[in-house]
Amino acid sequence: MLLFDRCGPSLLRYVSSFGLRPEEAEDVVQDVFLSLFRHLRLGRSRSHLRGWLFRVAHNLALKQRTSLQKRQANRSWDDIALSQHADPSPDPESRLADNQRRRRLTSVLHALPERDRRCIVLRAEGLRYREIAAALGISLGSVAKSLTRSITRLVNVYER
Amino acid sequence: MAHFIHHPSDEVLLRAIDGEHSPRRLTILERHLADCESCRDRRQALRSARDEFLHACRDDLAARTPACDRLRERVQVGVTTLSRELGGSSWSRFVQRVAVPRAALVGATIVAIVAVAAVLRHRPELPAADDVLVAVEPGALPVRSLTPGATRRVPLDELCGARELGERPISQAVRQAVLRDYRMEEVPAHEYELDYLITPELGGSGDRRNLWPERYGARIWNARVKDELEQLLPQLVCRGEVDLATAQREIAANWIAAYKKYFHTDEPVRTSGGALPNRPPLPTLVSFVTRTAAIESRPW
Numbered sequence: 000m001l002l003f004d005r006c007g008p009s010l011l012r013y014v015s016s017f018g019l020r021p022e023e024a025e026d027v028v029q030d031v032f033l034s035l036f037r038h039l040r041l042g043r044s045r046s047h048l049r050g051w052l053f054r055v056a057h058n059l060a061l062k063q064r065t066s067l068q069k070r071q072a073n074r075s076w077d078d079i080a081l082s083q084h085a086d087p088s089p090d091p092e093s094r095l096a097d098n099q100r101r102r103r104l105t106s107v108l109h110a111l112p113e114r115d116r117r118c119i120v121l122r123a124e125g126l127r128y129r130e131i132a133a134a135l136g137i138s139l140g141s142v143a144k145s146l147t148r149s150i151t152r153l154v155n156v157y158e159r
Numbered sequence: 000m001a002h003f004i005h006h007p008s009d010e011v012l013l014r015a016i017d018g019e020h021s022p023r024r025l026t027i028l029e030r031h032l033a034d035c036e037s038c039r040d041r042r043q044a045l046r047s048a049r050d051e052f053l054h055a056c057r058d059d060l061a062a063r064t065p066a067c068d069r070l071r072e073r074v075q076v077g078v079t080t081l082s083r084e085l086g087g088s089s090w091s092r093f094v095q096r097v098a099v100p101r102a103a104l105v106g107a108t109i110v111a112i113v114a115v116a117a118v119l120r121h122r123p124e125l126p127a128a129d130d131v132l133v134a135v136e137p138g139a140l141p142v143r144s145l146t147p148g149a150t151r152r153v154p155l156d157e158l159c160g161a162r163e164l165g166e167r168p169i170s171q172a173v174r175q176a177v178l179r180d181y182r183m184e185e186v187p188a189h190e191y192e193l194d195y196l197i198t199p200e201l202g203g204s205g206d207r208r209n210l211w212p213e214r215y216g217a218r219i220w221n222a223r224v225k226d227e228l229e230q231l232l233p234q235l236v237c238r239g240e241v242d243l244a245t246a247q248r249e250i251a252a253n254w255i256a257a258y259k260k261y262f263h264t265d266e267p268v269r270t271s272g273g274a275l276p277n278r279p280p281l282p283t284l285v286s287f288v289t290r291t292a293a294i295e296s297r298p299w
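For the record, the sequence lines run as chains C and F.
Taken in order, the first sequence gives residues 0 to 159; the numbers are from numbering that gives the first Met the number 0.
Taken in order, the second sequence gives residues 0 to 299; the numbers are from numbering that gives the first Met the number 0.
Bound conformation, chain C alone:
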């Protein structure tokens, strides 16, 4: 599968996870691909492009969010939030159980440090540990520890 089709939707989801509005997220992803274009034109490395794309997206999204936060002090920034979607299930008991499960997930996710949340979201987008490390500028070992910390925390919540 080629690069845009492989990475465009994932990048858009990842950038959206910073709490950016759809049009703001699209601006960022467009800039990411323009940066890629310049990167390729300059004859720079073509290896590990997915990690490179997510790293640029991460940096630009952070910058965009910081800039918007300064200008829009009153805006709510729900970073990554597992919102309560309308459940198509007609069964009230199933709906209740699903909502409880989702609330539990949300509470665990919100309790995580920012870096751990980023690792989870990038893993959810299918990135390998090496790519997550490249995107966030941390070591591969840190990625493994971060993911383990988050998943273990969720297991402990379930076991309680």
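Please note that the accuracy of each hint is not assured.
Covered stretches of chain C, going by a simulated chain F footprint (3 or more residues, C-beta under 8 Å) [as the list claims (entries may be wrong)]: (1) 10-16; (2) 20-31; (3) 34-40; (4) 119-125; (5) 142-150.
Quick caveat, the hints were computed from the structure, so don't treat them as lab data.
Idealized CB from N, CA, C, for every residue including glycine.
Once you've looked at the hints, dock chain F against the given chain C.
Chain F in isolation, oriented as in the chain C frame:
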């Protein structure tokens, strides 16, 4: 034969679930799991929590994220426009990578051409499109939308006077802004020179719109060649052979085309020490220091 002395940690189990172990290490782990029911249970618990966590994250973000159709279109138009501004031909290679449908590419190219034509029509001070779209090495010309050129109001006799104009370093804030514009904040300083598009000797200002990071990497149309034009044009202006506004406009629109026009050549004239063949000595106004610290290591 290697074995786990203790029970494997959660991290080891999770790495195995995520396929992040070497085959050898995985074999050792599987051997342990075959004999250890508690570790198998732990692995299953981690796998279930991981799957639920990742699926919930993905589903939630997917529900809150718009479809990519509009984005794809925007990227196509943006890259097409940028490609034309940079004057290169790498677009086709990029298209191969991003899998843009051919029909969509044709449409986007038409849109970009119409957009560029509209801009040119409403900016009569610019030269013809043919002059603008000279195919050159990547980075040899600035991006027009970022660096259209800017001038300050200064009398001609002051520009052509024999006095020293003094040093005018570029402020750190402006430098950072320009590098940000070109997404070159992380490029090492020795790889480029922050250059004026319209040289100060022609009344170019220190405005962000008149500065661009000119890469040393260009083999033919590089910063040194532009310096030759920057020396020649003020001479022609001060001798009254070229109008100041014309010189400003031409160097801003496409300095390579201007070089070819005034040096009557299709390729750079190699001169030593910046002296121009069959030309009188330069006026003293060239002492204007406009370069970044990186110029010290410029690889001629």
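Results for each hint:
| no. | hint | verdict |
| --- | --- | --- |
| 1 | 10-16 | holds (count 5) |
| 2 | 20-31 | holds (count 6) |
| 3 | 34-40 | holds (count 6) |
| 4 | 119-125 | holds (count 5) |
| 5 | 142-150 | holds (count 6) |
Hint violations for this structure: none, all hints satisfied.
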